[in-house]
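A.B. asks: Residue-level listing of the chains:
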Amino acid sequence: MDWHSIFSQALQQGLGPVAAVYCLAAIGLNVHFGSTGLLNFGQAGFMAVAGYAMTSFVATWGLSFWLGSLVGLVAAALLALLLGVPTLRLRADYLAIVTIAAAEIIRQTIGSVTLLKYFGGQDGLQAFNSSFANLNPFTGRIGIPGVVSWRPYDFWTLVVCWLLCALCCLVVWLLMRSPWGRVLKGIREDEDAVRSLGKNVYAYKMQSLLIGGLIGGLAGIMTALQHSAINPSFFATDTTFFAYTVLLLGGAARVLGPVAGTIIFWFLISFLDLFFGAATSGADPLIPASIMTSNQASLMRFVVMGLSLMLLMIYRPQGIFGDRRELAIDAR
Amino acid sequence: MHARPRTIRARSRLALRALAVTVAAVAVGALMTTGSPANAAPVAQSASQAVNQAGAQTCVKPAPRDDDTIHIQGCLRDLREKPPAPVPDAKISVKDESGKEVGTGTSNETGVFDIALPGKSIDNLGKSFTVNIDKKSLPEGAALRNPKQVSLKVTLQLDSDVYVTFPIGEDTSPDTSIPVQALQLAVGGLVFSLLLAMASLGLSMIFGTTGLTNFAHGELITFGALVAYAVDRLPGEFRVGDVNITVFVALVVAAIASGVFGWFNDRGLWRPLRHRGTGLIAMMVVSIGLSIFLRSLYQYWAGGSTHQYSQFSSPQPYELGPILITPKDIAITIFSVVVLVIVVLALQRTKLGKATRAVADNTALAASSGINVDRVISVVWIVGAGLAGLSGVLFGLTQGFDYQLGFKILLLVFAATVLGGLGTAWGAIVGALVIGIFIEVSTLFVPAELKFVGALVVLIVVLLIRPQGLLGKSQRVG
Numbered sequence: 000m001d002w003h004s005i006f007s008q009a010l011q012q013g014l015g016p017v018a019a020v021y022c023l024a025a026i027g028l029n030v031h032f033g034s035t036g037l038l039n040f041g042q043a044g045f046m047a048v049a050g051y052a053m054t055s056f057v058a059t060w061g062l063s064f065w066l067g068s069l070v071g072l073v074a075a076a077l078l079a080l081l082l083g084v085p086t087l088r089l090r091a092d093y094l095a096i097v098t099i100a101a102a103e104i105i106r107q108t109i110g111s112v113t114l115l116k117y118f119g120g121q122d123g124l125q126a127f128n129s130s131f132a133n134l135n136p137f138t139g140r141i142g143i144p145g146v147v148s149w150r151p152y153d154f155w156t157l158v159v160c161w162l163l164c165a166l167c168c169l170v171v172w173l174l175m176r177s178p179w180g181r182v183l184k185g186i187r188e189d190e191d192a193v194r195s196l197g198k199n200v201y202a203y204k205m206q207s208l209l210i211g212g213l214i215g216g217l218a219g220i221m222t223a224l225q226h227s228a229i230n231p232s233f234f235a236t237d238t239t240f241f242a243y244t245v246l247l248l249g250g251a252a253r254v255l256g257p258v259a260g261t262i263i264f265w266f267l268i269s270f271l272d273l274f275f276g277a278a279t280s281g282a283d284p285l286i287p288a289s290i291m292t293s294n295q296a297s298l299m300r301f302v303v304m305g306l307s308l309m310l311l312m313i314y315r316p317q318g319i320f321g322d323r324r325e326l327a328i329d330a331r
Numbered sequence: 000m001h002a003r004p005r006t007i008r009a010r011s012r013l014a015l016r017a018l019a020v021t022v023a024a025v026a027v028g029a030l031m032t033t034g035s036p037a038n039a040a041p042v043a044q045s046a047s048q049a050v051n052q053a054g055a056q057t058c059v060k061p062a063p064r065d066d067d068t069i070h071i072q073g074c075l076r077d078l079r080e081k082p083p084a085p086v087p088d089a090k091i092s093v094k095d096e097s098g099k100e101v102g103t104g105t106s107n108e109t110g111v112f113d114i115a116l117p118g119k120s121i122d123n124l125g126k127s128f129t130v131n132i133d134k135k136s137l138p139e140g141a142a143l144r145n146p147k148q149v150s151l152k153v154t155l156q157l158d159s160d161v162y163v164t165f166p167i168g169e170d171t172s173p174d175t176s177i178p179v180q181a182l183q184l185a186v187g188g189l190v191f192s193l194l195l196a197m198a199s200l201g202l203s204m205i206f207g208t209t210g211l212t213n214f215a216h217g218e219l220i221t222f223g224a225l226v227a228y229a230v231d232r233l234p235g236e237f238r239v240g241d242v243n244i245t246v247f248v249a250l251v252v253a254a255i256a257s258g259v260f261g262w263f264n265d266r267g268l269w270r271p272l273r274h275r276g277t278g279l280i281a282m283m284v285v286s287i288g289l290s291i292f293l294r295s296l297y298q299y300w301a302g303g304s305t306h307q308y309s310q311f312s313s314p315q316p317y318e319l320g321p322i323l324i325t326p327k328d329i330a331i332t333i334f335s336v337v338v339l340v341i342v343v344l345a346l347q348r349t350k351l352g353k354a355t356r357a358v359a360d361n362t363a364l365a366a367s368s369g370i371n372v373d374r375v376i377s378v379v380w381i382v383g384a385g386l387a388g389l390s391g392v393l394f395g396l397t398q399g400f401d402y403q404l405g406f407k408i409l410l411l412v413f414a415a416t417v418l419g420g421l422g423t424a425w426g427a428i429v430g431a432l433v434i435g436i437f438i439e440v441s442t443l444f445v446p447a448e449l450k451f452v453g454a455l456v457v458l459i460v461v462l463l464i465r466p467q468g469l470l471g472k473s474q475r476v477g
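Residue numbers (numbering that gives the first Met the number 0), protein chains in the order written: chain A, 0 to 331; chain B, 0 to 477.
What the hints contain is simulated information worked out from the structure, not anything from laboratory work. Errors might be hidden in some of the hints.
Said to hold, decoys possible - Okay, derived cross-link-like pairs now, BS3-like style, lysine-lysine, Cα gap no bigger than 27 Å in a straight line:
#: 1; chain 1: B; residue 1: Lys152; chain 2: A; residue 2: Lys116
#: 2; chain 1: B; residue 1: Lys450; chain 2: B; residue 2: Lys152
#: 3; chain 1: A; residue 1: Lys116; chain 2: B; residue 2: Lys126
#: 4; chain 1: A; residue 1: Lys116; chain 2: B; residue 2: Lys450
#: 5; chain 1: B; residue 1: Lys90; chain 2: A; residue 2: Lys116
#: 6; chain 1: B; residue 1: Lys90; chain 2: B; residue 2: Lys119
#: 7; chain 1: B; residue 1: Lys99; chain 2: B; residue 2: Lys119
Stated by the list, open to error - Heads up, incomplete: computed chain B residues facing chain A, CB under 8 Å, no partners named:
#: 8; residue: Ser97
#: 9; residue: Val101
#: 10; residue: Gly102
#: 11; residue: Thr105
#: 12; residue: Ile280
#: 13; residue: Leu323
#: 14; residue: Trp425
#: 15; residue: Val452
Glycine is no exception: its CB is placed at the ideal position from the N, C-alpha and C atoms.
Produce the entire structure from the sequences given, and follow the hints as far as they go.
C.D. replies: What follows is the structure, given as structure tokens:
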């Protein structure tokens, strides 16, 4: 087994564009869940709306990429309003069910044959990223020689994604140390107490849903750009749960929690993938095919992800870097 | 919380035993009725199955071949005649995925057509073909029973000949007025919604007593389907006299195994978490992790393909006025109604049922009046998971299943429970009926691929107007 290649490829994934996109999605969730205690299980829906708005603007209607991205973000904000109005007054588990349902509605509608000519059905859309690709200043493979290296386009999306992550983290940090952010945390800890201070809890929750949704929208646009394609399967329910795992691993309610969580999570997941892949391939595999085939090896990442989500929530709900006192999450 | 009344325990065992016996009786009836010949619905079946079932005097099947090719075969019979008369000289063509014609054939004097696909079996496996019938080549007065069904899509999964049927009958279009169509769809929806109701009732009971929004409930549904599949695949058949009861045995084993699995879920995971005082939201996230974990394990074990039980066939439907309904659907309907009625009656009449409702209403008060809360919750988990497992087997019986069966309908289960009122037993059933029938009938107006979307939109609209659900009490929600 080639340990060096496994480690370097895993590191490449941990720092790579896919991880960066999940980091953005998790930063959005951090505003919802970590700071406000809103249980948004439909982050994939926010991503889908923004990503598809951008791609269909360019690929279907031939409009500008920048206009498409702007409309994508507006669409994500509208979705936040649409979901928030009926559910933010209700108990937390209702928001969870409605957001997960909304994300599925969006995914199934976008992937339907009825809307094939706008959104490309299950095959999705391609050829929309030329404006973005033309801005790419990099040529040749880039990285640390002998450790990691990316193709120029991947490196370009990676840089943009991590810059966006940094920007969002900065914004979130500034927001959370403001009086506004302290009210959000108050809502998370005890909604009724905040209400008794005369704050409009509903409005604060809505603003939080909107900001997190916008960051999710950014993640959706970057998903499309990073794959140079878009299709409904990018926005399945598991996408949201991946983002939650990332967030909980790093530590919810910490500004840099999602960043740390993403890098660690993707490194571990890719490492397991590569390890089991290598252990089940070849003429004389380390793990005999009667126990695990290479198809089954690719499932190990989900097994581990499910287990780690459970164990984290049970034994260390504050994640690696979180503060336990910060998170008294409970049903409201 | 520590008193342990003996009587409740005894009652619960009795109730479970009664349940099991009824389940047995109904299911035997169900399987006896499903043995009739299958050729009314346009279905593609493997050739060997069709030979057994057709048993017709008019179809003379081509002799078995020894070469490595796949043929598409079928037998056209005019169902207006009794016994059905063969339809000769009908033209059939086969096209591949790109629309290129790869073979044609004409039915012979016994109504049989036999079209060889080009290439060896191995080249054609996994590919899809479309079988078209030329309506103009049918004899005067004869027409397809479903005029729109001129082509059938066949995906080759097995290295065996494929048998397709085009039911031919009256040259009159079926009654397609909107009310009749709606009624037919509603009947289909009823079967689906009863299965949904079983799954939802389990979810709702668990939510009511423990407050847990269990995202892993879908995996309890799949668990039942998988256990039944494992039993079904055991070598040999279970027989009572001449009746093959393999699927029935599988159903019972699956229900019991699901109950045990539910108990294990509670005992191994949820009870320790409750006793630790873990928050409800934290438990919800844990249930998501459990769901992903179990689903991956299922896929690990069962693979990604769709499975069907050995007695998965579509028998000749009965005609009730303008409505067609298959014996299998009738049996499943009766069975589910009986199960649902028993559970609801048990909730309302038995001591254990009352204890369950007391725990759901106010856990602390129930504990202080001598109810052993943990024991009640254990029973709720056993019954709830058993119901979910049963619905999984029946879903598998009606439409086949894969490792995602439960996950795919989980949101509909949630929709049904929330619609009726989270935590109320009748609510879950009413909600499931509304959702299930709505989904099917809505296909009159929206494309069939979007029918689930409609149900989820209803869920959101209901939350907007009446967040406590149809039968819920308004103080339940924040």
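A.B. asks: For every hint, state whether the structure bears it out.
C.D. replies: Hint by hint, here is what the structure shows:
1. B:Lys152 <-> A:Lys116: holds, 24 Å
2. B:Lys450 <-> B:Lys152: holds, 22 Å
3. A:Lys116 <-> B:Lys126: holds, 26 Å
4. A:Lys116 <-> B:Lys450: Cα-Cα ~20 Å, so holds.
5. B:Lys90 <-> A:Lys116: violated, 35 Å
6. B:Lys90 <-> B:Lys119: It holds: about 24 Å lies between the C-alpha atoms, which stays within 27 Å.
7. B:Lys99 <-> B:Lys119: At roughly 18 Å apart (the allowed maximum being 27 Å), B:Lys119 and B:Lys99 satisfy the hint.
8. Ser97: violated, 16 Å
9. Val101: violated, 24 Å
10. Gly102: violated, 28 Å
11. Thr105: Because about 34 Å separates B:Thr105 from the closest Cβ in chain A, which is outside the 8 Å limit, the hint is violated.
12. Ile280: holds, 5 Å
13. Leu323: Since the shortest Cβ distance to chain A is 27 Å, the answer is violated.
14. Trp425: violated, 20 Å
15. Val452: It holds, given that the least Cβ distance between B:Val452 and chain A is near 5 Å, below 8 Å.
Hint compliance for this structure: hints 5, 8, 9, 10, 11, 13 and 14 are not met, and every other hint is.
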